[in-house]
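Undergrad: Protein sequence lines, in the order shown, are assigned to chains A, B, C and D.
The working numbering applies: residue 29 is where the first sequence begins, and numbers increase by one.
The working numbering applies: residue 29 is where the second sequence begins, and numbers increase by one.
The working numbering applies: residue 29 is where the third sequence begins, and numbers increase by one.
The working numbering applies: residue 29 is where the fourth sequence begins, and numbers increase by one.
Simulated from the structure, these hints should not be mistaken for lab results.
These numbers were taken from a predicted model, which means no experiment stands behind them.
By construction, the Cβ of each residue, glycine as well, lies at the ideal position given by its N, Cα and C atoms.
One should not assume that every hint holds.
As the list claims (entries may be wrong) - Distance windows between CB atoms, simulated: (1) B/D145 x C/D91: 54 to 62 angstroms; (2) A/Q233 x C/E139: 51 to 59 angstroms; (3) C/S315 x D/T348: 57 to 65 angstroms.
Protein chains: 4
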Amino acid sequence: MIKAAVVGASGYIGGELVRLLAMHPEVEITAITSRKYAGKKVHKVHPNLRGLDLRFTDKYDFDADVIFLAVPHGTSMKIIDEFLGSAKIIDMSADFRVSKELYEKYYGPHEKPELIDKFVYGLPELHRKEIKKAELVANPGCNATAVILALYPFRDIAKEAIVDLKVSSSAGGRRENVASIHPERSHVVRVYKPFHHRHEAEVIQETGVKPMFTVHSVDLVRGLLATIYFPFDGTERDLLRRLLMYRNEPFIRLVTDKGGLQRYPDPKYVIGSNFVDIGFAYDAENSRAIILSAIDNLIKGGSGQAVQNMNIMFGLDETTGLSYYPVYPV
Amino acid sequence: MIKAAVVGASGYIGGELVRLLAMHPEVEITAITSRKYAGKKVHKVHPNLRGLDLRFTDKYDFDADVIFLAVPHGTSMKIIDEFLGSAKIIDMSADFRVSKELYEKYYGPHEKPELIDKFVYGLPELHRKEIKKAELVANPGCNATAVILALYPFRDIAKEAIVDLKVSSSAGGRRENVASIHPERSHVVRVYKPFHHRHEAEVIQETGVKPMFTVHSVDLVRGLLATIYFPFDGTERDLLRRLLMYRNEPFIRLVTDKGGLQRYPDPKYVIGSNFVDIGFAYDAENSRAIILSAIDNLIKGGSGQAVQNMNIMFGLDETTGLSYYPVYPV
Amino acid sequence: MIKAAVVGASGYIGGELVRLLAMHPEVEITAITSRKYAGKKVHKVHPNLRGLDLRFTDKYDFDADVIFLAVPHGTSMKIIDEFLGSAKIIDMSADFRVSKELYEKYYGPHEKPELIDKFVYGLPELHRKEIKKAELVANPGCNATAVILALYPFRDIAKEAIVDLKVSSSAGGRRENVASIHPERSHVVRVYKPFHHRHEAEVIQETGVKPMFTVHSVDLVRGLLATIYFPFDGTERDLLRRLLMYRNEPFIRLVTDKGGLQRYPDPKYVIGSNFVDIGFAYDAENSRAIILSAIDNLIKGGSGQAVQNMNIMFGLDETTGLSYYPVYPV
Amino acid sequence: MIKAAVVGASGYIGGELVRLLAMHPEVEITAITSRKYAGKKVHKVHPNLRGLDLRFTDKYDFDADVIFLAVPHGTSMKIIDEFLGSAKIIDMSADFRVSKELYEKYYGPHEKPELIDKFVYGLPELHRKEIKKAELVANPGCNATAVILALYPFRDIAKEAIVDLKVSSSAGGRRENVASIHPERSHVVRVYKPFHHRHEAEVIQETGVKPMFTVHSVDLVRGLLATIYFPFDGTERDLLRRLLMYRNEPFIRLVTDKGGLQRYPDPKYVIGSNFVDIGFAYDAENSRAIILSAIDNLIKGGSGQAVQNMNIMFGLDETTGLSYYPVYPV
């Protein structure tokens, strides 16, 4: 059994990670931490986990083979020294995902730049081999995961891409905030960052494509859809052929149906799973491609991907503890 | 033109009141107050009101014929001295709705008990005559409005009633609060007060019936439904006959259809209006009645009723500025 | 009083039109038609209208100064002969919005091509003068309204535009359809027509810009947002300056705030009103503009605009019976 | 491996059953049937199951150890002869849940009354031993499951109970129906059967308590909450003590917390799982109890319970293939 600890387990990503680890056949959770909830049972914070016998602690003296840092951006770099060397680390914040240059452009000053190069970018579909050997993995952002996987097969031809994202409220985390209360956040199509989003940094690093992100909050609790537009001089078959690079990926489903309702990816069809659904459309008249990419932002966009990375790092089958079909309808 | 001021105009009840007053043909808004937003345009807080040329002030030196206090419970009694005598007052808090005894049982100590008797309880369907002469009106609570109007015709026979309420998130106000953020508050059926709710006090006072309120938060932004159960030894026709006391009420719609989908009140059918839809069912086998009552909690359960009271107090037709059919579907 | 008849009043656009006309101070509704519901009271179909004393008829022998055709595409051209000459006509279907060539490209064969030129395209902001004199007006589509108003000020520089639309379920009409039932249609971000949508025809005709529409169904009952991308070599101020052509329009609100939550249009802020909220963003680094345009699809995208056209055609103030601030939050 | 066939696999209950069986470690699915979709891949109907290699068939010549009948009420009794004797049968319709007398009172004439007694009522918490030996199991209804488990511990004292149910749209099945389309079914609190619901028959049979069901459709895709009121002369501790009969049940979670948000069951906390959350409140002043019971209607209220029954019938650990924590937030 792999002994796992989750640092910062009171947020949505942390809670989802505890859920996945609790059901994972090769994992024993040895600690979940939270300053605010130290001493409380896990179900006081994550009511779905009632019956799971775990309490939050605020001590870092746990015994772990792998430590997940599910803390906010900027916090990982402050606390990581406590854990370095004691266990493999999977960091779910943005702190070690991109180069110092990109980090400082998109996020601000970095306090541990010397560590960045020691981290592997934890997108298994692109970096499986390096992850296998890694001690330190930086788990990708949710928007970045959806967009990188969609754009990667086209990185040689798409110089820039318009990325119109539709995201759910759980991506905003579990913070009190008037703009996030139910009366305000329900029934919106709210643009909160036209043209610029910090997850762009990861896309640039991984694909070389210059994305223009416009993020729209929509009335979903979970899930995200990326609609990606770029010029493409080819055929529909060319689009498909490039996407077929993913044909053996266990968590990528290509949506290539020609009839019926489900011809395009929809976050509704991936909720509760680690799948990425990728589909496409081609406009021959205007030489334009659209790639569509849908994920559950808390799973493939967070905790599921972290477990996938753990599986690889520990030599397990990559799908262990992750073979869940989505819950539908929900 | 009636000069109206709204004190505490940044909440949902306050915002809805400003909207209704801005469209009222006989009203001129002379001030809207907010400490937090003083100096800001109204649309920075209520984005639906973009185009309405009003700014919040934190001064109370306005010129008004009627002052609406749209402040939290406990605040009205603290600030009311500033306004007494200068204008008619419609208080939308709970501070002056019930007797000192009931207030102290349900809310706690009262700081201005000597004023309570000077207020008229502002439910026009029951107190139209007193409201007409009143200088001070206490506007009813949203749950209380729905329940009192439903129970009043049965007050002589229903000694106690089970009141199962389904309420929307706007009733909780515009406060930051983790339990209210969209991921937490969406898709709930959340009981937050089994058996006891402060609005019971008003029901007891107005009907003499002892209600047992159980409030369930459901996934609505607006609207509420009360499902009220009590023993009844009679016939369906008896139920209807008693409800017909409301037949000439401009804002009560009796739902008595025998076929189709819309045989029972539903908050969906009253959104954006000042209507109360009241319907019923009778279980002869068990001698049980159900009365159903649906309102828009921010309008008939708050601002609309306040405007209705104002109309009566100023001798206008009671429906002036309130003759809106509900928006449907929404 | 203007005598108005609504042909095809059982759908959402028809129901909303009846609601607006019932509250219009200068209108008397003389007939509402429906084959399916002939003889039934209006509230059996539109439960919000309980209390409005109207019944559906299936006869066309009504007395009307203006006839609204709220029937499906393809039906108006079949029935219009019954009404020609007897009254002014406002057609809410697509049948007479665009030239025969565009119609046949986007919709199929046209049965009354000789009538097309007699219709004025009923977008008041662009065709007020012609509407004033018109006997026959073709009311624009909902997506087209939002997109045309957003693109028109840029028609000389935007040759093509990527139009990413987020639309609500009421736009799909009131038809039974498995894909539309609540369990299937809730929580989707469903692409149903990448790159091609019939409302493009209107955009091409009115602006000359070639739009690439991708329509996403989102979890809204009402409202739509258009996010429109095009290359722009200028400054943010240039963008604003062009939009200021609308500064005196009664139903266009420019969203130009620099701080706060409401810096961009959101359908949530226009529900229940005839407003179009238009905003923008500029990406200087990439020379790209975004124009955002939000409407209530049943009002400015349908019935409200029809009433606005009627007001103009009958010499009334354009805002008569339409001066409603949006309902918020809802 | 247990060979399993699902007859009628295109509905929501059927789809959820296929999902659970596909992830079950001891099951091989040998057939899924549908007349309408014969020949189609499972994901054309259940898009969440993309990647699962199964096609619908309309033949009944499959090889199965257990056959699940996921067909509408009235259909099981018509087709069951085809399967009798060939395999164990778990019927998910209402056809064999209750005695002939109750069936005919609540549903109408029964075509196979002689078979009713051969079926065991498949509520494992009450009938585990009989299920273990059964060849034929009648899987309970969703509302009945929630209500029976809540009332059973009080069957000696509660002669009658008011049962106020809040149910989701997936309980209505996957049928086209104007009343179920998204614009109509969103944001409702719709009473569709005051006082009478067919699931009462099961409650009467299993508990002897006379329930008065009032079912309210609320804006949920999944989940249900039962709020059950009855007179109780005791103490809060008595209530708890009776519920403790379930303390060793693997799928019942007693919600007995005294602080925090999660003091009462909420369907939001059980989605995607086979759990029943049961909680309570006591009103000493009025000698009234409330029992609250929340389930995922498609899992513990349908497919999960069917799998639980299968596990028992085949001597597996009862939780095999069902140990999923709920997905939260969703």
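Undergrad: Against each hint, give a clear statement of whether it holds in the structure.
TA: Comparing the hints with the structure gives:
1. B/D145 x C/D91: 54 to 62 angstroms: Hint holds: Cβ distance 57 angstroms, inside 54 to 62 angstroms.
2. A/Q233 x C/E139: 51 to 59 angstroms: holds (58 angstroms)
3. C/S315 x D/T348: 57 to 65 angstroms: Because 60 angstroms falls inside the window, the suggested range holds.
Violation of the numbered hints given earlier is absent; every hint is satisfied by the structure.
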